[in-house]
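Just so you know, the sequences run in chain order S and P. The opening position of the first sequence corresponds to residue 1 in the working numbering, with each subsequent residue numbered one higher. The opening position of the second sequence corresponds to residue 613 in the working numbering, with each subsequent residue numbered one higher.
FYI, nobody ran anything at the bench for these hints, they're computed from the structure. Any given hint might turn out to be false.
Reference excerpt, derived from the structure (chain S facing chain P, CB under 8 angstroms, subset only) [claimed, not checked]: (1) I232; (2) V236; (3) G240; (4) V241; (5) Y244; (6) D266; (7) S268; (8) G269; (9) S270; (10) Y404; (11) W453; (12) T456; (13) D581; (14) S588; (15) D599.
We put the beta carbon where it would ideally sit given N, CA and C, even for glycine.
Take a look at the letters that make up each chain.
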Amino acid sequence: MQPILKINLTTGKTEEYRIPERWEKDFLGGASLAARILYSGLTKELDPLSAEAPLLFLMGPMTGTSGPTTGRFVICGKGPATGLWAESNIGGFWGPELRAAGYDGLWITGKASEPVYLWLNGSRLEVRSAAHLWGQDTYTTQDKVKEEVGDKSTRVCVIGEAGEKQVLYASIMCDHGRMAGRTGMGAVMGSKNLKAIAVRGRNEIPVFNLVAYKILRSESNRRLKDDNEAKIIREVGTGGVANYAEYLGAMPVKYYSRGSFEKIDDVSGSKMAETILVGRSACQGCVIACGRVVKLPQDMTKRKGPEHETMVGFGANLLNDDLEAIVDLGDLCDHYGMDTISTSNTIGLAFHLYERGIITEKDTGGIALKWGDVNAIEQLVRMIGSRDGLGDIMAQGARRFGAYFNAEEEAVQVNGLEVAYHDPRGVSGMALSYATSPRGACHNQSDYFFVDWGHTQEKIGIEYLSRHGQAEKAANVAKHQDWRTMFNSMVMCIFANVEPDEQVKLINAACGLDWSLEDLMKSGERAWNLKRAINNRMGLTRANDKLPKALLEPFSDGGSAGFVPDIQGMLSAYYQARGWDVETGKPSREKLLELGLEDVAQDLWGEDLALG
Amino acid sequence: MPAVFPSEEWLKGLEAKLNSDQRYAEIAKHWEGDLFFFIEPEGNLKERLTFYLDLWHGTCRGVHYNPQPEAYPKPAFTLTASYNNIAAILSGNLNPMTAMMTSKLKVKGSMGYMMRNVPTVLDFVRVAQEVTTEIM
Numbered sequence: 001m002q003p004i005l006k007i008n009l010t011t012g013k014t015e016e017y018r019i020p021e022r023w024e025k026d027f028l029g030g031a032s033l034a035a036r037i038l039y040s041g042l043t044k045e046l047d048p049l050s051a052e053a054p055l056l057f058l059m060g061p062m063t064g065t066s067g068p069t070t071g072r073f074v075i076c077g078k079g080p081a082t083g084l085w086a087e088s089n090i091g092g093f094w095g096p097e098l099r100a101a102g103y104d105g106l107w108i109t110g111k112a113s114e115p116v117y118l119w120l121n122g123s124r125l126e127v128r129s130a131a132h133l134w135g136q137d138t139y140t141t142q143d144k145v146k147e148e149v150g151d152k153s154t155r156v157c158v159i160g161e162a163g164e165k166q167v168l169y170a171s172i173m174c175d176h177g178r179m180a181g182r183t184g185m186g187a188v189m190g191s192k193n194l195k196a197i198a199v200r201g202r203n204e205i206p207v208f209n210l211v212a213y214k215i216l217r218s219e220s221n222r223r224l225k226d227d228n229e230a231k232i233i234r235e236v237g238t239g240g241v242a243n244y245a246e247y248l249g250a251m252p253v254k255y256y257s258r259g260s261f262e263k264i265d266d267v268s269g270s271k272m273a274e275t276i277l278v279g280r281s282a283c284q285g286c287v288i289a290c291g292r293v294v295k296l297p298q299d300m301t302k303r304k305g306p307e308h309e310t311m312v313g314f315g316a317n318l319l320n321d322d323l324e325a326i327v328d329l330g331d332l333c334d335h336y337g338m339d340t341i342s343t344s345n346t347i348g349l350a351f352h353l354y355e356r357g358i359i360t361e362k363d364t365g366g367i368a369l370k371w372g373d374v375n376a377i378e379q380l381v382r383m384i385g386s387r388d389g390l391g392d393i394m395a396q397g398a399r400r401f402g403a404y405f406n407a408e409e410e411a412v413q414v415n416g417l418e419v420a421y422h423d424p425r426g427v428s429g430m431a432l433s434y435a436t437s438p439r440g441a442c443h444n445q446s447d448y449f450f451v452d453w454g455h456t457q458e459k460i461g462i463e464y465l466s467r468h469g470q471a472e473k474a475a476n477v478a479k480h481q482d483w484r485t486m487f488n489s490m491v492m493c494i495f496a497n498v499e500p501d502e503q504v505k506l507i508n509a510a511c512g513l514d515w516s517l518e519d520l521m522k523s524g525e526r527a528w529n530l531k532r533a534i535n536n537r538m539g540l541t542r543a544n545d546k547l548p549k550a551l552l553e554p555f556s557d558g559g560s561a562g563f564v565p566d567i568q569g570m571l572s573a574y575y576q577a578r579g580w581d582v583e584t585g586k587p588s589r590e591k592l593l594e595l596g597l598e599d600v601a602q603d604l605w606g607e608d609l610a611l612g
Numbered sequence: 613m614p615a616v617f618p619s620e621e622w623l624k625g626l627e628a629k630l631n632s633d634q635r636y637a638e639i640a641k642h643w644e645g646d647l648f649f650f651i652e653p654e655g656n657l658k659e660r661l662t663f664y665l666d667l668w669h670g671t672c673r674g675v676h677y678n679p680q681p682e683a684y685p686k687p688a689f690t691l692t693a694s695y696n697n698i699a700a701i702l703s704g705n706l707n708p709m710t711a712m713m714t715s716k717l718k719v720k721g722s723m724g725y726m727m728r729n730v731p732t733v734l735d736f737v738r739v740a741q742e743v744t745t746e747i748m
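Looking at chain P on its own, in the form it has when it is part of the complex:
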């Protein structure tokens, strides 16, 4: 279900795609960890936006659009980036590894786990790009 980023529809669309994409299911079959995305205001985004995703063994067990951080007190990962940088990743103009290695995408959590699972991270980004028809 393609949708405009950022929106609740987009997040739901991402959840649906993560649960139906065979390639993602295979590559991410060992992934265990929920995460917060904090999108910092910039450009067209005026207020901080938060996405929560619970990713588990190649599936997405749930999403939450703009939750209070207290609702999920111990996420495995917290990812933070400016709106323009997230938009650039989703539109394919910023390599996700570049974003991470240059700290345009800040990562909190087990870096060892993240490095061990780079293929999963990259495929997650592919899926997110595929559900994005338009960026606000």
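Extracted from the complex, chain S is given alone in its bound form:
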């Protein structure tokens, strides 16, 4: 891979960091390689919003190569809301542009004395004042920075007001609407007084065997274009699964308290396609084009349409059946630069606490929180983004918001990350996905709901088990996590139905490796264990592997009425499948050694290793 550019914003010093060759071979790139690079610096004591905290933008070996959905990259560090490993991947065109500038990563530390933005024009880096941009929203900032650097082809990553004010789930945006949403990397960027990073590159992106790679990528993209799932996502977006998810009782309704939503058809991707959809957008090289472009009757301005999580979060989750309002609410979050899952989940908690009388109008500043009231929802979004009134507490995430009112157990979160919108009572594999994900309740480290819907992967033995299966699916989930970890190493979009053996061929051609399918899966397992070890070092124990109370109460209605996952039974089977120590929840010494993580084994098991 190309070097990483290290930038210390306190001193203004830069240096090129060469990635050790063995790490590239063992971890490939993206989030896995980032975990290896950051491993030793991520400690329990590290304040994620301090100058010392790292913020690493890292590419995959295929980023920008027009491979199947490989326009993506990841942003990693320590999560400010979770205190754990944080990674958030993002599409658009910024990553490919950075590679074309000659770097495969930017490693930011330090803190600028005043707001700045970075302008990387080829290998030339300028640190410019962003004082005049501070307070501007994400869209305006991108436009202004582009205008200032005077090159329309420049790509810009930015934070909005939420990042500046360190809302703990602030996101980072690029390319007018592509978001690194989860785990608050926007807050980390804001804590460094870094408003934006503009990049322009003109080099060819290196590919080890371009001739072979071109053939493979065109076959792969052709297959992908014709794939049923890709066709669904292209036609109706990710929100196209709404009816099916609701039918299964896998869609959270009224803050995870109901199993069905009678108005689902009004807030689905199909409805959007029939009414307000006017176009689609895609990341670099992507043949799927999941992005929605919509026009609302009131202003006829083109804007980004919501994907599944935003549609459910501001829709069924809050009993809101107004699709156009959901578009506006998602758009508002984007302008502030906030994760729509965490924002809507935390707002859901506010409504839930209000209904129970735990908070009142005295706390909300006079706003009555009536389910489905779009005006109330919008006011809360604005209060969070600006950290006004109750919004200042809500900006710290559902866990701390709940705890502030002595109701932490009511918050639907795991380890400080708000649960996404795939309910494990409808798709039980998600119970393990949420409980064991290295970044909190994440649906993308293993989007096992796809498997529970029927999407198997025969070539690596991920079979279909009942969507209400229990411990018997633990090994399946572990395997799926390892495989998806490789998506985050490549970095490939999880909407791409690319067969694992096809991925191996692409990797080998792009990187000059000689991997087998086994090597692919082993690399995924290695990275999963490494991230677990990072979290163990930062204080995570077996007790952290749990589900919130709400997800363990059966629905009385809908397609999953009466079912709850047996999380303890599932976890026991999972530790066994993983080869983890059942008592502590740490990867066993033997497992770490088997994966070639000797230094990690030493750190986690210390003297035991010496004795062994």
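Here the structure of chain S is known, so what remains is to put chain P in place on it, guided by the hints.
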């Protein structure tokens, strides 16, 4: 009228069952769309086989065994699968959603409509399984 798959009798049996099954009538009451099934030769099937079904509001308005595709130029959906995969769906060995999500069953037509009507699709498969006594 249970029958051996694939045969004209089987297709007629499916039509009869679709028109008499109360559960299907209820679940599929909003479905509007005719479809082609193309069954690609594999295993015991030596030549491509085509079924046509006209499904409308919980009923089956007609079927046609091995028609020329030109006879129905604009079907709402075209479904294509290998014989073994269709046989696996009918015998319950392949989850129909798995078949669709892994593209073992290729779908052409409005994917949005299909996703909106998954319960209808699944119940259609149930009915088809119930009329199948034997697979060739």
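Now the hints, each set against the structure:
no. : hint : result
1   : I232 : holds, 4 angstroms
2   : V236 : holds, 4 angstroms
3   : G240 : holds, 5 angstroms
4   : V241 : holds, 6 angstroms
5   : Y244 : holds, 5 angstroms
6   : D266 : violated, 12 angstroms
7   : S268 : holds, 7 angstroms
8   : G269 : holds, 7 angstroms
9   : S270 : holds, 4 angstroms
10  : Y404 : violated, 40 angstroms
11  : W453 : holds, 6 angstroms
12  : T456 : holds, 5 angstroms
13  : D581 : violated, 35 angstroms
14  : S588 : violated, 34 angstroms
15  : D599 : violated, 40 angstroms
The structure is inconsistent with the numbered hints 6, 10, 13, 14, 15, although it conforms to all the rest.
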